[in-house]
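So the protein sequences, as listed, match chains A and B. Each residue of the first sequence is one higher than the last, beginning at 1 in our numbering. Each residue of the second sequence is one higher than the last, beginning at 1001 in our numbering.
None of these hints come from the bench; they were simulated from the model. Be aware that a few hints might be false.
As the list claims (entries may be wrong) - Cβ pair distances, simulated, as ranges: (1) A/Leu-2 - B/Glu-1438: 19 to 27 Å; (2) B/Gly-1036 - A/Ala-50: 14 to 22 Å; (3) A/Gly-74 - B/Pro-1178: 14 to 22 Å; (4) A/Ile-72 - B/Gln-1094: 53 to 61 Å.
Claimed, not checked - SDA-like mimics (lysine to any residue), calculated; alpha carbons at most 20 Å apart, straight line: (5) B/Lys-1109 - B/Gly-1096; (6) B/Lys-1002 - A/Ala-59; (7) B/Lys-1321 - A/Asn-64; (8) B/Lys-1321 - A/Lys-51; (9) B/Lys-1004 - A/His-34; (10) B/Lys-1321 - B/Asp-1333; (11) B/Lys-1004 - A/Arg-29; (12) B/Lys-1002 - A/Arg-29; (13) B/Lys-1004 - A/Asp-43; (14) A/Lys-51 - B/Lys-1002; (15) B/Lys-1004 - A/Val-49; (16) A/Lys-71 - B/Asp-1012; (17) B/Lys-1321 - A/Leu-60.
The beta-carbon is built from N, C-alpha and C at its ideal position, and this holds for glycine as well.
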Amino acid sequence: MLHQIIIDENNMGFIPSIGASFQMNETAREIINHIQQGLHKDDIIQALVAKYGISQQEALIDVNDFFMKLKIYGLIQ
Amino acid sequence: MKYKKPVINRIDFAISSKYGSPLHSQKIRTEIDGIGVHELVEQYGSPLFVFSQKRIKEQYMQLKQAFEDRYPKLKLSWSYKTNYLNAICKIYHQLGSGAEVVSEFEYDKALANNVTPSDIIYNGPYKPKEYLKKAILNNSKIHVDHLLELEDVQSIAQELDQVVNVAIRVNMDVGVYPNWNRFGFNYDNNEAYEAIKFIANSPYLNLNGLHTHIGTFILEANAYKIATIKLMKLRQQALEEFGMNVEYIDLGGGFASKNHLKGIYQSPEVVVPSVDEYAQAITNAIYEYNTSDELPTLYLETGRYLIDEAGYLLTSIQAYKRLPNGMKSYILDAGVNILYTSAWYNFNIEIDKDYDNLTEPSILNGPLCMNIDVINDNISLPPLERNSILTISPVGAYNITQSMQFIRYRPRVVLIDDDSNTRLIRQEDDLQSVMAKELE
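In isolation and in its complexed conformation, chain A is listed as follows (with noise of 0.2 Å):
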């Protein structure tokens, strides 16, 4: 579903297909870019990591937290 999500330059997302709209902040989008990439979460992770000199355990807890609230709305498996 997430490869679906066409985000504007406001970072508002939306699914035609459901018709669902989301609201998100620019490293939401920055990750679901990734996943669209094909990025998995490790990989992610690491990204973020480098980035924004994070450490690895916020990164690995803020990712998880994502991945999981993806996973409540049905955007991801």
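Dock chain B against the given chain A, drawing on the hints supplied.
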């Protein structure tokens, strides 16, 4: 580039209303009376109750002025059950308040706080005979709740061979529901009149006061007008039919604070009457219905209005997790065992800095291993960091006195004085205090 924790929210148009979307509000508090919330927690620990002496005085002076501008004979009594920390009680006594107590230990506390015994109002549905006698000997004001108590007072008066002044508590329909009719004598079915007759017929009793307390968090000032009218009519009857001059009427408490009652959509600023509205309703009715040469002294015991907004609770985020329904659950170090009023209020909850991030639906859970430990079940917050501090308010009324030692120790309490100096006014519980009364 600054990192922001990732946030995504499904747009549910049902959560928007005519008051707007709840997903954008972020209220921030970094200090209380000039002292940083982080500084307070670093010095005294978390969770931490904080009281502002400045706020206490401001609120007191507002109440006093609203009534004294309209009425010449006012007496305020500090309601001990609302908050009986000695440091708090003493502020009110220094400002000129007497004490209103509803138990033996509150009575003794008031005496220990050097309140003039005749300025102590002894209220409540249960007063042991031993303490009734003590109050009589001290010439304290006794507000009788029922006929059996009236007989108790009469028998003590007979034993002492003296005439004892009493007031009766009166309950009544003032158009506010639930109707508090379990305390005192009912006005509408003449029970109060019969109690006055009982007093008039006793050689040992004299009626010197009439008291009512119509409820709590009363959002309708007109209810006080009705209550005052009914008390004034009783006063007139006591004088005209029995020749008893009732010196004072006591309208009790129940004035609402600027707290947000659950189930009420509009903000407290919209629904809570101003103190001037309460004052006008009461004093106008006294003037209108006074038929005697002398105006009665007006007593008020309004605890919540005076203290609620002067109290804050600082609590730290200990952990967070994603619940299966998508909400973010924060685990705080303060729970419902120290926030009794969380059952009634949606508190004002402020974060410690601008997180510059989207908010998401969140739930604030306390640290207790109990499912009921919920401080707020639906609040929009940005992703908060571990150890960030939330300020919860108003919590000055009833939370200290009704806090429960359960699972975790009750926390410290700090007072910030007029000069922004902090003072510890209650130490936190420890194992010794928890076990102090246990026997092997």
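Quick rundown of the hints versus the structure:
1. Range check, A/Leu-2 to B/Glu-1438: Cβ separation about 58 Å, and the 19 to 27 Å hint is violated.
2. The supplied range of 14 to 22 Å is broken by B/Gly-1036 and A/Ala-50, whose beta-carbon atoms lie about 35 Å from each other.
3. Look at A/Gly-74 against B/Pro-1178: about 45 Å separates their beta carbons, and that is not inside 14 to 22 Å.
4. For the pair A/Ile-72 and B/Gln-1094, the supplied restraint of 53 to 61 Å holds, since their beta-carbon distance comes to about 55 Å.
5. Proposed proximity of B/Lys-1109 and B/Gly-1096 is supported: the alpha carbons are some 17 Å apart, at most 20 Å.
6. Distance check on the hinted pair: B/Lys-1002 and A/Ala-59 sit about 14 Å apart at the alpha-carbon level, within 20 Å; holds.
7. Straight-line distance between C-alpha atoms of B/Lys-1321 and A/Asn-64 comes to about 10 Å, which keeps the hinted pair within the 20 Å bound.
8. In summary, the hint linking B/Lys-1321 to A/Lys-51 is not supported, as the alpha carbons are separated by about 25 Å, beyond the 20 Å threshold.
9. Restraint check for B/Lys-1004 and A/His-34: the C-alpha separation of about 16 Å stays at or below 20 Å, so the hint holds.
10. The suggested pairing of B/Lys-1321 with B/Asp-1333 holds, with an alpha-carbon distance near 15 Å, which does not exceed 20 Å.
11. At most 20 Å may separate the alpha-carbon atoms for a hinted pair to count; B/Lys-1004 and A/Arg-29 meet this at roughly 11 Å.
12. At most 20 Å may separate the alpha-carbon atoms for a hinted pair to count; B/Lys-1002 and A/Arg-29 meet this at roughly 15 Å.
13. A threshold of 20 Å between alpha carbons decides the hint, and for B/Lys-1004 with A/Asp-43 the separation of about 18 Å falls inside it, so the pair holds.
14. Distance hint between A/Lys-51 and B/Lys-1002 is fulfilled; the C-alpha atoms sit about 10 Å from each other, no more than 20 Å.
15. Of the supplied pair hints, the one linking B/Lys-1004 and A/Val-49 holds, its CA atoms being roughly 12 Å apart against a limit of 20 Å.
16. For the proposed pair A/Lys-71 and B/Asp-1012, the alpha carbon gap of about 17 Å is at most 20 Å, so the pair holds.
17. Proximity of B/Lys-1321 to A/Leu-60 is assessed by CA-CA distance (about 13 Å); at most 20 Å being required, the pair is judged to hold.
Against the hints set out earlier in the document, violations occur for numbers 1, 2, 3 and 8.
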